[in-house]
Structure formats: C-alpha cells, structure tokens
Amino acid sequence: MNEGMSVIDVTGLTKHYGEVRAVRGIDFTVEEGEVFGFLGPNGAGKTTTIRTMLGLLNPTAGRATVLGADSTDEPAMIEAKRSIGYLPANPAFDDGATGREILDLHGSIKGEQRREELLELFEPPLDREVRDYSSGNRQKLGVVQAFMHDPELVIMDEPTSGLDPLMQQRFNEFVRAEREQGVTVFFSSHVLSEVRRVCDRVAILRDGELVTTEAIESLLDRSGKFVRARIAGHVESDAFNGDTVHGFERTLIEDRAEELLAATDFESDADVVTEVRFTYTGDINDLVTDLASYSFVDLDVEEAPLEEVFMRFYGPGEPSERTARGQNGDAAPAGGDGNA
Amino acid sequence: MLELARYEARRRLRGTVYLTVALTLLAGMYIATFPSLATDVDLDQFIDQMPEVFRELFNIATMNTIEGFLSAELYSIGWVLLLGLYVAYSAATLIASDIDRERMDILLSLPMSRARVLGEKFLALLVPIVVVNAVLPLVIYVGTIVIGYPIDPVNLAVVHLLAIPYLLACGGIGLVLSVVTSRSTIAQRGALVAIFGLFLFESLTVIADYEQLGAIAPMRYFDATAVLVDGSYDWAGGAILLGGTVLLVGASMLYFRRRDID
Chain L
0 MNEGMSVIDV TGLTKHYGEV RAVRGIDFTV EEGEVFGFLG PNGAGKTTTI RTMLGLLNPT
60 AGRATVLGAD STDEPAMIEA KRSIGYLPAN PAFDDGATGR EILDLHGSIK GEQRREELLE
120 LFEPPLDREV RDYSSGNRQK LGVVQAFMHD PELVIMDEPT SGLDPLMQQR FNEFVRAERE
180 QGVTVFFSSH VLSEVRRVCD RVAILRDGEL VTTEAIESLL DRSGKFVRAR IAGHVESDAF
240 NGDTVHGFER TLIEDRAEEL LAATDFESDA DVVTEVRFTY TGDINDLVTD LASYSFVDLD
300 VEEAPLEEVF MRFYGPGEPS ERTARGQNGD AAPAGGDGNA
Chain B
0 MLELARYEAR RRLRGTVYLT VALTLLAGMY IATFPSLATD VDLDQFIDQM PEVFRELFNI
60 ATMNTIEGFL SAELYSIGWV LLLGLYVAYS AATLIASDID RERMDILLSL PMSRARVLGE
120 KFLALLVPIV VVNAVLPLVI YVGTIVIGYP IDPVNLAVVH LLAIPYLLAC GGIGLVLSVV
180 TSRSTIAQRG ALVAIFGLFL FESLTVIADY EQLGAIAPMR YFDATAVLVD GSYDWAGGAI
240 LLGGTVLLVG ASMLYFRRRD ID
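Protein sequence lines correspond, in order, to chains L and B. No gaps in the numbering here: position 168 of the first sequence is 167 in numbering that gives the first Met the number 0, and each next residue is one more. No gaps in the numbering here: position 84 of the second sequence is 83 in numbering that gives the first Met the number 0, and each next residue is one more.
Note that these hints are calculated values from the structure, not bench results. Please note that the accuracy of each hint is not assured.
[Unchecked claim] Here are a few chain B residues that sit away from chain L, every Cβ distance over 10 Å (derived from the structure): (1) Arg9; (2) Thr23; (3) Thr32; (4) Thr38; (5) Glu51; (6) Phe53; (7) Thr64; (8) Tyr88; (9) Gly147; (10) Val153; (11) Ile163; (12) Leu203; (13) Ile206; (14) Gly243.
[Said to hold, decoys possible] Just the calculated beta-carbon pair ranges, DEER-fashion: (15) B:Pro50 / L:Thr59: 51 to 61 Å; (16) L:Pro124 / B:Pro50: 52 to 62 Å; (17) L:Gly181 / B:Ala250: 37 to 47 Å; (18) L:Leu125 / B:Arg100: 15 to 25 Å.
We treat Cβ as the ideally placed atom computed from N, Cα and C, and that holds for glycine.
Please model the complete structure; the sequences and the hints are all you need to start from.
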C-alpha cells in the first residue's frame, strides 16, 4: 500500500439489483489505525457496501479500494486479501467439516501466525463438526479465521450479533487491543451502543445513502438518553419539558399502584404511580437534578435507540414505520447496556 | 498450491467409499445372475423382440456373453446413466451451494482467484471418479472368474480408463449449471435433467437418423459395448470428452470470475 493512501476509499459507490437501488453514491474513507463503525438500520445497504468493497459484488457505478486495491481488479485484490480479514454477517462453513479442518485450510492458504493466541480468547469447539455449532460458536470460528493471519485491515459485518453479552464484552476489548497494535478495523452494526464502545468514527447509512460521517463523540453528544421512570405519586404532564426533552409520554398507573409501591423499600402513601418516558438530549447532570425531586419505583436511563436518533436528527424516513420500530424496541440497545 | 483441492478431496472420501460399496453390490448382483441366465434363457432371442429404442438406449449387442451382458446392464445403466448423474449432480453443487448457503463469502476472502477456487473444487471430483474406476474393474474381474466366465482384463481396464473422461465431461455440465445459478437445488435438478435428457437424446437421434445431432452428448463418445464385445477402443472419443471438459470448465471459470455472488 502506498504511503498516505487511505486504507479504505469508497467513491460514489452505487449498487443496483435490477430495479432495487441498494446503495446510492456512497463516499467515505477509512484511515490507517482507525476503528470505523458503519452504522445503519437493517436493510440500509451496509452488507451490500461491504460485499462490494471486497469484490463479491460488482459496483453499478463508482469504485471502492481496500489497501489500495480496486475491488474489481482481481489480481490486486488477491494480493490485498493476504492482509485483510473478513467476517461476514452470518459466517457459514462446510457443515461436515470440523472447526479444526476449516482453520487448517485457511491457515495453509493465508497463514496462521495468530491462530493459537486467538483460540485462547475465543474457544470454538474445534473437534466438533460445524453442523453441531451454535450460532455463537460459528461466530467465534469466524472471528478466529478473520484475524488468524495477522491482517492489517479487518472488515466485519455485524460482528457481535451471535455472541452472548460476556463474549461481546471480550470481543470489544479485543478490538480495542487490536487498534493499539495498529490494526484498522471496519465494522457494521445496527446498534449504536455497540459502536460507541470501540469506534473512533462512524458513518451512518440509511436507505442506501450516507447520512453523515463523524467522530463518535459528536454523535453521542447529540444522540441522547432514553429515560423511563416510574414515579411515586402524580406527575403533571408538563413536568418534563423544554428543548432537551423529546417524545414525552405519560401513563398513570392507578390499579396496580399499591402493588408497585409495596415492592420498593421506601415508605409512601401515594395512591398512584406515574410512568414517564422520553428521550433526553441535554446535559446528563441537569437530568439528574430534575429527577432528584421525585421518589422512584423504577428508573431506567439508557442510550437512545438508533432509530430514534435517526428520526430526530436526520428526519423521518417513513415516519410511521420508524416510530413503531423505535417504540417496540426492535433497534434498542441489546440487553445489558442500560448505563445510567 | 492445491490446498483447497486437498481439503475438498478429503471431504469426498466418505462419499466415495459409500459409492464404491454401492457399485460393488450392483456389479456383484449382475455378475451373480449371469450364469443362470446364460444357461436357461437365450437372451438374444429376447433382445430381437425388443423395440429398437431399448437396444439403442442400453447399447445392447448381445446378452449371451458376459461382456455383452455387463455392457448392456451394468455399464449402460450403472456407468453411463447413474454415475453420470452422480458426478453431474455433485459438480452442480460445487459453486451454487456455497453461494446458496452463504459459505462463498468466507471462501473468497482467501487470497486466491475465483478461477482457482472453481478449478480446485472441480479437481477434487477426481476422487470418486478415479477410485470407482480403479476398484470396480478389480471387483468385476474377480467376480467373473468366480462364476467361471472370465472377462478380458485389458478390455475391462480400457472401459474404466475411458469412463474417466466421460464422467469428467458430465461433471463439466454440472459445473456450468453451478455457476449460472445461485440456487443449488436448481443447479442440481438442472444437472439431472441435462444428463438424463442427453442420454435419451443421443439414442433417439440414432434411431431417427439424425445421428450427427447426438454428437453434442457425451454418451456418444463412451461406448462400453464396443470395447468389451468388439475390443475396439475409441481413443478419439476420450480425447473429445477431455477437450469438452476443458471447454466447460474454462467457460465456467470465465463466467464465475465476473458474476456477483448473490
């Protein structure tokens, strides 16, 4: 790779499937040593972009280079692939082969300098046939094969989707350590909390178009917190308002109030519990001050779902659908991320 | 080099053992029934009453000798049709099923060309083809000695040698179907229809006096009856089959190189 050239350079990339325009004129670059998040709801075109970058799909227009190799130039791509690791969205292997046989094959073709070290971190059952693997084990085998040849660039499509929370955490630590070693990491996700933990910059894709590319901090500053509180007593409908409160909803719970209150330790003679839900985009300290005047039965403060962030900052795509998905938690942070 | 071919070859070993055992049983069954047929019935009288289409389909010259009997029964059905179907079906899964089951993404992340991936996968088909054609002549030779109707070992070896390019050509047909579709079930069914269709077509063109049309069918160039009954070896036919295989594999490589994996 030439000095000063971006590790990934995507220019005007467009991919149509017949009438369907999956990706439309995308531009972005990824620099050496960056952890770059490629964020967007399911169906936004993330996988199409990644598979075009890797030469699995031919671009309809525009171009993509990885480690200086044009994705449509096969000899250049073969050379580049010696230094690229790839983990697809649903890593699939020959059912009848064992994990060991698959790693042996990959090792014999692309190298396996880091195989043993990776197998200590992620432990797929090597002597079992892949047909008996859980999706988590398949994902672990995928991670090992993606990093085993000590690549300069690793491209991953929804890498933590099949992993349990503990393994997700181990994976995040692993990616951070890789960045320290100078590895460039590009990965896609539909979960904001996942990319915020490890990424330097993110690109946001929606309906096949790039909405923005920015540093993760500035995105997080604007994304806000989703607050859901059950408060002892009656709360007025204008109790939380102002520019920093969005989508305020209030429900009075009267029939089960006694039961709910009994489940807490503090004394209260309230005969009603008020549930409030809103997204908060102001200073988190102001939020704590505002909340301090209430007595709580329950309080959740978590990262706003990606869909809500999109809707608020980049305008509604198809409003009804997006609201519904935001509400029923389809795109909400996966469990375990409820950081107050 | 050939790391993928070796991996694929190892994965074909178990299936190859099953296939060899099944064909050994089939051959043994035919060989074991021959003595009683040869003494009790004049099969050629029976053949004369058959419609021409059957004689042409199964390449029947005579059934009163072990050579004619095996050609008509074991080779025309077991090799030309069943093994041809097996190899074409296997080849049809080579690319399409990896795309269909989303395995191709990781396979193509390896630093090797698509042409090489395809070539090495195809090469691994030689495992069942070669093993079957190395083991079965021994089985058949010993079997015919046991029943007291020994077959000429040189002719037998030549039949199995010429079967290899024939089966490779069937594989080439399956391979083409495997790269033009991403649905393995379509490729597999297409391969079965193609081989069975060509098998019928080749015989019908002979009967209908449009013999030159049947020249596109690989069955035209592999004639076990001619080798075993007449001792005439069609080396040119073998060369045509190999040439056809090269063309089919080359065309598959060209197409596979350019296509979207979706």
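Quick rundown of the hints versus the structure:
| no. | hint | in the structure |
| --- | --- | --- |
| 1 | Arg9 | 8 Å, violated |
| 2 | Thr23 | 24 Å, holds |
| 3 | Thr32 | 36 Å, holds |
| 4 | Thr38 | 47 Å, holds |
| 5 | Glu51 | 46 Å, holds |
| 6 | Phe53 | 40 Å, holds |
| 7 | Thr64 | 43 Å, holds |
| 8 | Tyr88 | 17 Å, holds |
| 9 | Gly147 | 43 Å, holds |
| 10 | Val153 | 39 Å, holds |
| 11 | Ile163 | 26 Å, holds |
| 12 | Leu203 | 39 Å, holds |
| 13 | Ile206 | 44 Å, holds |
| 14 | Gly243 | 26 Å, holds |
| 15 | B:Pro50 / L:Thr59: 51 to 61 Å | 56 Å, holds |
| 16 | L:Pro124 / B:Pro50: 52 to 62 Å | 59 Å, holds |
| 17 | L:Gly181 / B:Ala250: 37 to 47 Å | 44 Å, holds |
| 18 | L:Leu125 / B:Arg100: 15 to 25 Å | 21 Å, holds |
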